[in-house]
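Residue numbers (UniProt numbering), protein chains in the order written: chain B, 1 to 313; chain F, 1 to 682.
By construction, these hints were calculated from the structure, which means they are not laboratory data. Be aware that a few hints might be false.
[Unchecked claim] Straight-line distance between alpha carbons at most 30 angstroms, and here's what the computed DSSO-like set of lysine-lysine pairs gives:
1. F/Lys283 x B/Lys73
2. B/Lys73 x F/Lys520
3. B/Lys73 x F/Lys330
4. F/Lys139 x F/Lys44
5. F/Lys139 x B/Lys62
6. F/Lys478 x F/Lys520
7. F/Lys139 x B/Lys59
8. F/Lys283 x F/Lys139
9. F/Lys330 x F/Lys438
10. B/Lys296 x F/Lys139
11. F/Lys572 x F/Lys619
12. F/Lys360 x B/Lys73
[Claimed, not checked] Covered stretches of chain F (in silico footprint by chain B; criterion: 3 or more residues with CB under 8 angstroms from a CB of chain B, positions within the stretch not fixed):
13. 295-305
14. 313-322
Even for Gly, the Cβ is constructed at its ideal location relative to N, Cα and C.
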Amino acid sequence: MIDPALPPHMRPDKSFQGLILALHAFWADKGCAVLQPYDMEVGAGTFHPATTLRALGPKHWKAAYVQPSRRPKDGRYGENPNRLQHYYQYQVILKPSPANLQDLYLASLEAIGIDLNLHDVRFVEDDWESPTLGAWGLGWECWCDGMEVSQFTYFQQVAGFECTPVSGELTYGLERLAMYVQGVENVYDLNFNGREGDEKVTYGDVFLQAEQEYSRHNFEFADTDMLFEQFRMAESAAAKYLEAGWSADRSRHLMAQPAYDQCIKASHVFNLLDARGVISVTERQSYILRVRELAKACGAAWLATDAGGAPAA
Amino acid sequence: MPDLLLELFSEEIPARMQADAAETLRKLVTDALVERGLVYEGAKAFVTPRRLALAVHGLPAGQPDSHEERKGPRVGAPEGAIQGFLKAAGLESIEQAIVESDPKKGDFYLARIHRPGRPTPEVVAEIVPAIIRSFPWPKSMRWGSGSLRWVRPLQSILCTFGPETEEPEVVPFEVDGIASGAVTQGHRFLAPGAIRVRRLEDWMAKLETAFVVADRERRKDIILADAKDLALAQGLELVEDAGLLDEICGLVEWPVVLMGTFDESFLDVPDEVIRATIRANQKCFVLKDPASGRLANRFILVSNLKASDGGKAIIAGNERVIRARLSDAKFFWDTDRRTNATVPLAERLEKFANVTFHEKLGSQFERIERIAALAETLAPLVGADAKLAREAALYAKSDLRTEVVGEFPEVQGLMGKYYARLEGLPEEIALAAEEHYKPQGPSDRVPTAPVSVAVALADKLDTLVGFWSIDEKPTGSKDPYALRRAALGVVRLVLENGLRLRLAEIVEPELLIFFADRLKVHLREQGARHDLVDAVFALPGQDDILLIVKRVEALGRFLATDDGRTLLAGYKRAANILRIEEKKDGVSYAGGVDLVLLHEPEERALAEAIAKVGEPIEKALEAENFEAAMGEMATLRAPVDAFFDKVTVNAPDPALRVNRLRLLADIRTATRAIADFDRIEG
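Could you build all of it, start to finish, from the sequences and the hints given here?
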């Protein structure tokens with residue numbers, strides 16, 4: 001339940017920022033390290049090294065963070081009330097997945113103002129797979145009154161490696177949830193800062209122009225020659241860092257994360273090229289495979305680091 | 001007699017897997033019980049989103065005792081053999097064995113092993129963990145730090161055993177740290193907390209008060225009945241959907257059926273699109289206005305919660321999502337109509353040049369061009385206007401690039417029809433857009449409008465010829481491009497429209513064999529004798545499906561007559577003799593009967609009959625009058641009969657013998673005009 005003493009600019013049902021703050025408070029309370037977004041363009045919160053890499057290896061891990069996610073193809077020039085090429089995911093990873101993860105998730109919904117005696121929350125089968133990350137898991141999409149508000153996944157494999165222990169991943173679609181709890185039909189009408197009148201900042205004030213500009217960029221003007229070149233460069237840099245990072249006996253790796261950055265880069269560049277429609281159906285598969293190869297190699301490197309649980313040198 | 005109750009309580013099981021899982025659990029447990037001598041009276045499985053359960057009635061309290069005699073080595077056998085025997089029989093020393101005397105072999109050891117039956121709970125405690133560990137879920141997972149696999153995390157196990165009159169006991173076992181008990185959980189929101197359970201009746205009743213309907217069929221009944229009531233109260237009719245009902249009953253433990261509304265303006269969108277939107281994305285039912293037959297602006301949702309506000313918030317939430325979904329659908333529908341109105345078809349078609357149909361078969365555009373050319377060629381054969389057939393084929397796939405079909409692939413074809421009408425195209429083209437995909441399977445409707453038929457044939461033939469040419473043929477159970485379905489579609493289109501099509505002019509010989517196989521399967525399903533189909537296919541040049549079928553039918557009727565049966569018997573006799581004698585002589589006889597050597601009246605009569613029958617049969621066949629051809633053939637019956645009655649084929653005079661064998665060969669040749677009688681059974 002929401003603390004009635006909270007001012008609107010802190011309340012999850014009155015402001016977009018309040019929603020984020022409420023989730024931060026909730027998950028911090030459950031022992032998560034509340035991290036900041038990763039400083040690179042990614043297609044989903046899962047790409048953050050705090051999820052992808054930390055899901056690998058034996059070490060326990062609890063983290064929560066907001067991650068801006070870019071889906072160049074989903075741009076609609078700011079004209080669609082629901083679709084954005086840039087939006088926020090709230091990401092929680094708990095490793096190993098606790099036995100009461102579903103209860104924790106439901107409590108988090110209550111914390112942002114969803115009354116479970118009034119709303120129909122359901123767990124509907126949804127198998128998750130990321131071909132580019134070589135990852136898959138089983139879980140559900142979580143429905144609230146027929147609307148998908150979160151993804152709930154038990155990671156089985158990441159970067160081609162079995163996950164032991166298994167991480168539980170929760171991904172909240174923040175805009176969608178905010179629209180629901182604020183009772184707003186158009187994402188751009190969301191109250192961002194919880195103020196009214198002159199002081200009110202809407203989601204549209206912050207992002208509408210960006211959506212228009214980036215849609216133009218993603219679909220019409222993104223420099224494809226440059227992007228093809230960037231893909232190639234990221235791919236070869238990743239390979240270079242991966243090779244250079246291995247110790248002489250190949251038991252330890254010293255540059256897993258810089259290599260993984262290049263993998264993220266390649267993935268995003270591929271998404272941009274895809275949005276520009278310059279990648280044919282057959283080529284598409286081969287690009288995805290190339291990124292996956294990078295992800296797998298980065299996963300192998302990570303497992304040879306301290307945080308990846310490699311035995312001390 | 002005691003009962004067993006087992007409940008595996010987990011996080012939400014995917015709806016599509018529930019029914020099978022319940023049946024599998026029942027089978028695995030009861031089979032394992034019976035295998036161990038525990039015969040039961042009845043068993044019933046239950047499944048909800050969060051639990052998989054099984055009740056087994058009338059089990060004995062324990063296994064029956066078993067007795068076994070095991071023969072050992074002879075007395076005085078080497079020590080190794082004795083030790084091996086003791087180990088195998090479970091004896092501690094040889095003194096425990098009995099010495100038996102055998103008159104032939106002498107004295108030998110014998111162990112009488114008496115095994116007391118184990119109590120049933122002990123057996124259950126052994127069976128169930130093994131079944132849990134190896135349960136065949138279509139997809140299973142691990143969770144936390146454990147290694148157990150289940151469809152989703154398994155949280156608790158309830159397992160009790162005991163007679164009705166007594167307090168049942170918990171069957172104790174443990175699976176990956178989960179110990180069995182007598183406790184379950186009620187509805188996640190409506191009755192959270194532990195519930196202590198004794199046996200089935202108790203379990204069902206307590207769950208029911210804890211807002212869980214354990215019986216899947218009963219949940220279905222409730223949903224259907226409540227949905228119909230709600231519809232009726234509004235003067236509407238529920239559009240029933242068995243698949244959707246199956247899915248929904250796997251998403252709720254306590255079904256609460258509610259009705260929502262959407263804006264009437266969305267009814268501009270075709271019914272099928274509204275239904276697809278609401279069904280696929282929201283898993284809701286749609287309603288029909290019985291007066292107009294069209295959809296009403298209402299929908300039925302099934303929630304899992306008896307909400308404290310009577311469901312107002314749930315309805316409002318669902319309406320909101322459906323509004324957004326229908327706005328999308330309407331936007332797609334409007335966009336498509338605008339595009340179709342402003343961009344000429346040719347220009348839209350060009351876009352297909354960038355869409356690969358198959359790596360080795362070129363673009364979608366090239367494919368459409370091929371289909372159009374073929375439809376134009378086929379048009380005269382099916383009574384369609386060639387130009388119209390071509391245009392219809394060019395149009396038929398155009399909806400694949402529309403927004404609506406992009407979002408809802410299941411309405412392909414149908415949208416093409418709607419858009420064609422809106423564009424004011426001839427009705428034949430509109431119909432062909434929808435019908436050219438038909439028939440989709442053995443029970444789907446076959447189009448009859450000539451233009452539709454031309455495009456439907458062209459579409460399927462192009463697919464078959466294309467994939468055949470790149471060696472992508474169906475193998476075993478694998479048929480990724482649904483080529484069997486396409487071939488059956490061609491067969492049904494031809495037969496049900498009475499079309500004359502020389503397939504050999506269109507397809508290569510190997511593909512023709514594939515068609516023959518499909519036709520055989522089809523005819524067999526219709527009840528035709530497969531040997532008759534084979535008998536006709538064995539003739540050369542059989543590539544006209546309609547004629548083949550007519551011939552098979554006529555042959556079947558002929559063989560049902562006395563003449564037919566007797567002639568077939570005569571033929572078989574002739575063929576047998578020929579087979580034996582030809583093998584002996586190392587030659588095969590054909591033609592060359594010497595009339596001078598025909599001494600007996602019966603052999604002369606037969607030769608004359610054969611000579612006489614050739615021409616009328618040929619004429620009848622030319623006229624495709626198989627009945628008449630069979631009638632002519634029937635005239636051979638009497639002379640064949642008389643011949644075998646009176647004439648000895650293997651005459652002592654070699655010249656006579658050879659001449660008679662040639663006469664038999666003539667019977668064979670004559671019947672070949674109609675079918676290969678060798679392939680006919682009986």
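Which of the stated hints cannot be reconciled with the structure, identified by number in ascending sequence?
-> Number 2 only.
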